[in-house]
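Participant: Spelled out from the first residue to the last, the chains are:
2 protein chains.
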Amino acid sequence: MKYFTYKETALTGGFLYEKEHLNRDVTIHAVYDRFDETGRIGAFRFESDKADIFWDSDVAKWMEGASYILAKHPNVELEQKVETLIDLIEKNQGEDGYFNIHYTVQEPDGRWTKRPNHELYCAGHLFEAAIAYADATGKDRFLKCMEKYADYIYKIFVEDDSAMFSTPGHEEIELALVRMYRYTGKKKYLDLAAHFINRRGVAEKDGHSSYDQSHLPVREQTEAVGHAVRAVYLYSAMADLALELEDEALKKACKALYEDIINHKMYITGGIGSCHLGETFSKPYDLPNGEAYTETCAGIGLMFFCQRMLALEHHASYADTIERVLYNGLLSGLSLDGKAFFYENPLEITMLDHFSNEYGRRRFPITQRREAFSCSCCPPNINRLFPRLAEYIYGLDGDTLYINQFASSQLNADGIQVETETNYPVNGNIRIRAEGVKKIAVRIPSWCAAYDLPVPHTLKNGYAVIENCTEFVLNLDMIPFAIRSNPHVVKDSGRLCIQAGPIVYCAESVDNGENLHAFAIPATFDYIMQFDKTLGLNTLTIDAFRYPDTENKLYIRAADAPKLSPAKLKLIPYYAFANRGESDMLVWFNEKI
Amino acid sequence: MKYFTYKETALTGGFLYEKEHLNRDVTIHAVYDRFDETGRIGAFRFESDKADIFWDSDVAKWMEGASYILAKHPNVELEQKVETLIDLIEKNQGEDGYFNIHYTVQEPDGRWTKRPNHELYCAGHLFEAAIAYADATGKDRFLKCMEKYADYIYKIFVEDDSAMFSTPGHEEIELALVRMYRYTGKKKYLDLAAHFINRRGVAEKDGHSSYDQSHLPVREQTEAVGHAVRAVYLYSAMADLALELEDEALKKACKALYEDIINHKMYITGGIGSCHLGETFSKPYDLPNGEAYTETCAGIGLMFFCQRMLALEHHASYADTIERVLYNGLLSGLSLDGKAFFYENPLEITMLDHFSNEYGRRRFPITQRREAFSCSCCPPNINRLFPRLAEYIYGLDGDTLYINQFASSQLNADGIQVETETNYPVNGNIRIRAEGVKKIAVRIPSWCAAYDLPVPHTLKNGYAVIENCTEFVLNLDMIPFAIRSNPHVVKDSGRLCIQAGPIVYCAESVDNGENLHAFAIPATFDYIMQFDKTLGLNTLTIDAFRYPDTENKLYIRAADAPKLSPAKLKLIPYYAFANRGESDMLVWFNEKI
Chain B
1 MKYFTYKETA LTGGFLYEKE HLNRDVTIHA VYDRFDETGR IGAFRFESDK ADIFWDSDVA
61 KWMEGASYIL AKHPNVELEQ KVETLIDLIE KNQGEDGYFN IHYTVQEPDG RWTKRPNHEL
121 YCAGHLFEAA IAYADATGKD RFLKCMEKYA DYIYKIFVED DSAMFSTPGH EEIELALVRM
181 YRYTGKKKYL DLAAHFINRR GVAEKDGHSS YDQSHLPVRE QTEAVGHAVR AVYLYSAMAD
241 LALELEDEAL KKACKALYED IINHKMYITG GIGSCHLGET FSKPYDLPNG EAYTETCAGI
301 GLMFFCQRML ALEHHASYAD TIERVLYNGL LSGLSLDGKA FFYENPLEIT MLDHFSNEYG
361 RRRFPITQRR EAFSCSCCPP NINRLFPRLA EYIYGLDGDT LYINQFASSQ LNADGIQVET
421 ETNYPVNGNI RIRAEGVKKI AVRIPSWCAA YDLPVPHTLK NGYAVIENCT EFVLNLDMIP
481 FAIRSNPHVV KDSGRLCIQA GPIVYCAESV DNGENLHAFA IPATFDYIMQ FDKTLGLNTL
541 TIDAFRYPDT ENKLYIRAAD APKLSPAKLK LIPYYAFANR GESDMLVWFN EKI
Chain G
1 MKYFTYKETA LTGGFLYEKE HLNRDVTIHA VYDRFDETGR IGAFRFESDK ADIFWDSDVA
61 KWMEGASYIL AKHPNVELEQ KVETLIDLIE KNQGEDGYFN IHYTVQEPDG RWTKRPNHEL
121 YCAGHLFEAA IAYADATGKD RFLKCMEKYA DYIYKIFVED DSAMFSTPGH EEIELALVRM
181 YRYTGKKKYL DLAAHFINRR GVAEKDGHSS YDQSHLPVRE QTEAVGHAVR AVYLYSAMAD
241 LALELEDEAL KKACKALYED IINHKMYITG GIGSCHLGET FSKPYDLPNG EAYTETCAGI
301 GLMFFCQRML ALEHHASYAD TIERVLYNGL LSGLSLDGKA FFYENPLEIT MLDHFSNEYG
361 RRRFPITQRR EAFSCSCCPP NINRLFPRLA EYIYGLDGDT LYINQFASSQ LNADGIQVET
421 ETNYPVNGNI RIRAEGVKKI AVRIPSWCAA YDLPVPHTLK NGYAVIENCT EFVLNLDMIP
481 FAIRSNPHVV KDSGRLCIQA GPIVYCAESV DNGENLHAFA IPATFDYIMQ FDKTLGLNTL
541 TIDAFRYPDT ENKLYIRAAD APKLSPAKLK LIPYYAFANR GESDMLVWFN EKI
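If you read the protein sequences in the order shown, they are chains B and G. Here the first sequence stands for residues 1 to 593, where the numbers follow the numbering used here. Here the second sequence stands for residues 1 to 593, where the numbers follow the numbering used here.
Copies of the same chain look alike in the list, so a pair counts if it works inside one copy or between any two.
Derived DSSO-like pairs (lysine-lysine); straight-line CA-CA distance at most 30 Å: (1) Lys-283 <-> Lys-568; (2) Lys-553 <-> Lys-570; (3) Lys-114 <-> Lys-205; (4) Lys-255 <-> Lys-553.
I should point out that these hints are in silico values taken from the structure, not numbers from a laboratory.
So that you can see chain B by itself, here it is in the shape it has in the complex:
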């Protein structure tokens, strides 16, 4: 399946459209300002010795995001900011093509000596930014610089093998090099990507750590392990390479890794990387809620991986996962006002647990989004993802148009015109008009128990395939439902969570009073659904129950089942938690059996 790019498609209204606008109007500027304040922008002048090893990548991701915005919405001021950065990159790039602020200014003798230090990772993000800017503006000055850098890296790592390591300590450059190959047509970049991927877990110089997925040759990897962002960036590149080289062994590994993630290591919100120790995947089913790490970047990386898997294989599961991440564990990373960020996206906040004393504190994610972090990878990752959200909607394979996501949007490319009109995910009514294709394969989400599609169709791999039809309306049943987790997820045992459409819901104490754990919900329930303009989505008020108090005693004899009393439980979309001050929050509720 080939994707239609963000330039070929456009969001025309609705929830995702609003988020795209929020990024363009607020977030892209907020991130720049924070990067300017923290010295990240100024560091490109090569005058400060404070540049952290990943600062190049932070700014590169912002430049990439700005480029996508500029492609559709010219903005002289924004373009000038990018141009100024490119001036500095051009000016400070080494004769040999090398570009890295930290190493050039602070560790001039350290170049290519420290594998974990993000050197190639920064290069990868600069490459992606350069491609994005060239593609968006037609100006290839930045890209030329980065091609020179890539050529130099090729020499160091392939021709000379002169670095102290063989593969990146933090993967990213691999997928950037595939992009560079695709954009420039230069096979050398694909070869370099393949070199890095194939040497991983093989090169003796690099050791064998599961933390950075070098514990095994990549084709032998079947379990998602180690640093979650590193992992999904690598798997994305593996899927890219599998597609380019028709490498079945690599594809098989990608499928195994994907299955391991979604069957054992993914939160209901699509969050991955449950453990804060090294920001890693944990053991299968180890999905603590309050301590969930689930970095925003890991969610974005999982979307990248799924998008590439969809290109490899037409199965709606990948689009289902993209949807789960997008509307839940990724969006939660951004505040409603577009200015503040979660790095970690927990599934529970119980302030009672957040104990500290002079001997330390129990470790928990922060409870309110912040405008800036010392490690600020997530904010610019949102900057570069949001302008391309439309890219996740439409795909083409032969004479079949794939509709993977639902949003009011237009596609006009390759002689194909498509228009989708919908308020999804506020409701499940989706009108699609398409011309120029023979077949339309529209995803029926796996969460959807019932749908109405009054045109002849067959079901295949999670898609309803319709032939010779230019207009139809699909209705997805958006009635709220309860979800139960695998009983091996002990932290969710005896619990339910609520989803409606793709939206996972949570409760906050700001709506429901203290002690959200005292609520119990049945698997089926009455509810009131109400559109909330601020959230752009529906809230739910469900008929639930509350455990009685125990007369201030700590323990009471339970002579009988508890006398639960009826109680209304107000639920909001998970993504919107923590936007009204510090509050307890819960996703998984006790089940009233």
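Position chain G against the provided structure of chain B, taking the given hints into account.
Facilitator: This is chain G only, laid out in the frame that chain B set:
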């Protein structure tokens, strides 16, 4: 209420009797051997510079325990070990009376300079050992040494106020001084105890830290805070002093602190000090199960405190708490073979949670008891508690004999003869014969929903008071029942635990297969109770339920209540967990409503 001492009473059979024997036959020797191997015994020769700041107290507690054993069971070899240590103490005690291995050998200039460093704590334990040995053997050589030391401490802290601090950083000496006053009759020691207690939270030299309960003057303290062992040792001394001085303000503080513990900060096992950060009390209702710290010593300290509260006030609640600790969270500290120890006594082991990687490990208590610890306070605390278990049974106030605990035992003192015959807590049948008292007040445990006492009686403060009756049989209903915790204890929300008599039960995966969280139990249930000779108590097999598997999917739509299947759940007494290899363990189970 006055207690009858361990010398006046004797366990004559049954569960506690077996534990007393285990300590006398195995544990006292095992602890000595470990202390010898680790250099703690040898350190008394003052030749090694490796003595830790608390080593004196470790050995002193062992000496105290050995003394109680010697009082009733002469043992030349054991007595010789104590005598050899006393020889060394006598030989190495300073001219001025000072005795501390670490400071004398390693920090001769550091004496009385570092408040947190257990200097007075070690002294207190030496005092208790000396009193025990004198009382047990009639030989007062050790006590004379320690009186000299106490006199010296009086001079330093009361007369000269010449130390760098005013009160102990780790409380213990206060209660030891009250004991010394009671044994020697010298008021000076009571004054010194009062001095330390009254200066706490007042003395400017010491700062004001809640960690060691010096945040407020003791009479103003109402919340149990800080290091749990320090806290209950202090509260014990406060209760002692309140009794000796008839100090109502101090008594009121003790009652408030007791109420705070049992209503907000105590596990169902009687464990206290839920937080590993500084081994402290946490916030009210913060009682995590898997991470429970609940040090064995804190349980022992809570028993000390309750025993003293009972002396202050005739209310069975204190005896209820003693029973809860004794049969559950304290006994769990010792392996069935009497040789290995838990320092921490968690209420859940889920090995899935015990994740570690190169970036660290999630902190959890150890899962198997160990024979030795670098900080080895708990093992000798068991040594000194077990020989005196009989002391918790009988009390006297005026013409009323109080029966606080139930165990086959004899009392012969003050013209009173009592004999209790029972298999408690294997069953609830208790035959009591008493001569020489007018009234008998027998505790009706608060866990007991029904009892049979076929003699006229009135109920008062948790006791059934019987007049002019020399023999009766009390039958306590020992049918297993479920307990529900206060809904504010979020970690237990939607859960039940099972108790029968005073015994809290747990399940282990060694009996029930993996994933104990997949079980659900109703508030009322059928069961089979079976005596287990190895445990000395009953095991339970209850008719429970199991959640179904979810077809290997991580999440499924819960269209209806889960199809729970009937399942037998084997339960063993909590105290016996982790005696059959590493195993998951659970106390609080999902409730089937």
